[in-house]
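Could you build all of it, start to finish, from the sequences and the hints given here?
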Amino acid sequence: GDSVTQMEGPVTLSEEAFLTINCTYTATGYPSLFWYVQYPGEGLQLLLKATKADDKGSNKGFEATYRKETTSFHLEKGSVQVSDSAVYFCALRKRAAGNKLTFGGGTRVLVKP
Amino acid sequence: NAGVTQTPKFQVLKTGQSMTLQCAQDMNHNSMYWYRQDPGMGLRLIYYSASEGTTDKGEVPNGYNVSRLNKREFSLRLESAAPSQTSVYFCASSEVPGNTEAFFGQGTRLTVV
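Quick note, the sequences are listed as chains F and G, same order. Throughout the first sequence, residue numbering follows the working numbering, covering 1 to 113 in sequence. Throughout the second sequence, residue numbering follows the working numbering, covering 1 to 113 in sequence.
Just so you know, these hints were derived from the structure itself, not from any lab. Just so we're clear, the structure is a prediction, and the values are computed from it rather than from any experiment. Ideal Cβ placement from N, Cα and C applies to all residues, glycine included. Don't take every hint at face value.
[To be verified] To be clear about the criterion: a stretch of chain F counts as covered by chain G if any three or more of its residues have a C-beta under 8 Å from a C-beta of chain G, and this derived list gives those stretches:
#	stretch
1	41 to 53
2	104 to 111
[To be verified] So the derived list for chain G, only partly shown, Cβ under 10 Å to chain F, looks like this:
#	residue
3	Val4
4	Ser31
5	Pro39
6	Gly42
7	Leu43
8	Arg44
9	Tyr48
10	Ala50
11	Gly58
12	Phe90
13	Cys91
14	Ser94
15	Glu95
16	Thr100
17	Glu101
18	Gln106
Structure representation (structure tokens):
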């Protein structure tokens with residue numbers, strides 16, 4: 001079945017450091033790929049998405065590129081802030097089978113001042 | 001603009017008790033989902049409803065039942081709660097096709113003692 005694997009956390013960084021969270025997927029067909037973010041005590045919210053190979057999603061300084069050849073969708077940010085401390089989830093979704101999202105295990109990121 | 005509303009936000013149950021988690025969305029979405037979130041395991045799909053009148057099992061359906069009451073509402077029932085069902089439960093909704101985002105509720109923190 002479909003699956004998403006992302007690097008385990010926690011990831012601890014200093015403010016203004018570069019952030020990378022690795023995400024790889026296994027799926028048949030052509031899934032859409034998403035990054036969701038969960039701030040403390042809140043539900044998940046969409047951070048960015050890419051719907052086909054070589055698409056780049058971007059939002060709030062975060063970027064991720066859909067790489068079909070390596071089945072990856074790594075999340076990057078050039079200069080993190082304390083407010084970026086959260087749990088980040090990589091996910092895939094396909095048109096078939098109810099359009100349901102399949103999530104990775106989540107990566108907790110802690111940014112220290 | 002309420003989005004996805006879940007009730008209750010917190011609940012403590014004794015083993016063997018039953019309860020229903022409520023979820024409602026006001027975005028006229030066709031698809032609705034119930035996930036559980038456990039530490040280190042990301043979000044796992046319990047049940048989903050691709051459209052009004054249909055429900056299907058997800059990854060971890062045992063011990064749960066669902067009802068798609070109408071297009072807006074999708075409830076999750078625990079008939080006989082067990083400590084293994086201690087978790088945070090999220091309801092989500094989305095429109096088709098599969099490249100659109102899913103919107104999440106704030107979550108229900110359930111503890112079974």
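#### Entry: Agreement of hint Pro39 (chain G) with chain F interface, Cβ distance less than 10 Å
With a minimum Cβ separation of about 9 Å from chain F (threshold 10 Å), the hint on Pro39 (chain G) holds.
### Query
Minimum Cβ distance from Ser94 (chain G) to chain F below 10 Å?
holds (6 Å)
### Query
Do the numbers back the hint for Phe90 (chain G), that is, is its least Cβ distance to chain F under 10 Å?
holds (6 Å)
### Task
Would you settle whether the hint for Thr100 (chain G) is holds or violated, based on the nearest Cβ-Cβ distance to chain F being less than 10 Å?
Since the shortest Cβ distance to chain F is 8 Å, the answer is holds.
### Query
Should the interface hint for Gln106 (chain G) be scored as holding, given a Cβ-Cβ cut-off of 10 Å against chain F?
holds (5 Å)
### Query
How about Val4 (chain G): closest beta carbon in chain F under 10 Å, or not?
Because about 8 Å separates Val4 (chain G) from the closest Cβ in chain F, which is inside the 10 Å limit, the hint holds.
#### Entry: Hint status (Cβ of Arg44 (chain G) to nearest Cβ of chain F, threshold 10 Å)
holds (8 Å)
### Given coverage of the stretch 41 to 53 of chain F by chain G, tested with a Cβ cutoff of 8 Å and a minimum of 3 residues
Since three or more residues must qualify, the claim that chain G covers the stretch 41 to 53 of chain F holds, with 7 doing so at under 8 Å.
### Task
With a cut-off of 10 Å on the beta carbons, see whether Tyr48 (chain G) makes it to chain F.
holds (5 Å)
#### Entry: Gly42 (chain G) as chain F interface residue, shortest Cβ-Cβ below 10 Å
holds (4 Å)
### Ala50 (chain G) as an interface hint toward chain F, with CB separation required under 10 Å
holds (4 Å)
### Query
With 10 Å as the cut and Cβ atoms as the points, is Glu101 (chain G) at the interface with chain F?
Holds. Min distance 4 Å.
Of the hints listed earlier, there is not a single one the structure fails to meet.
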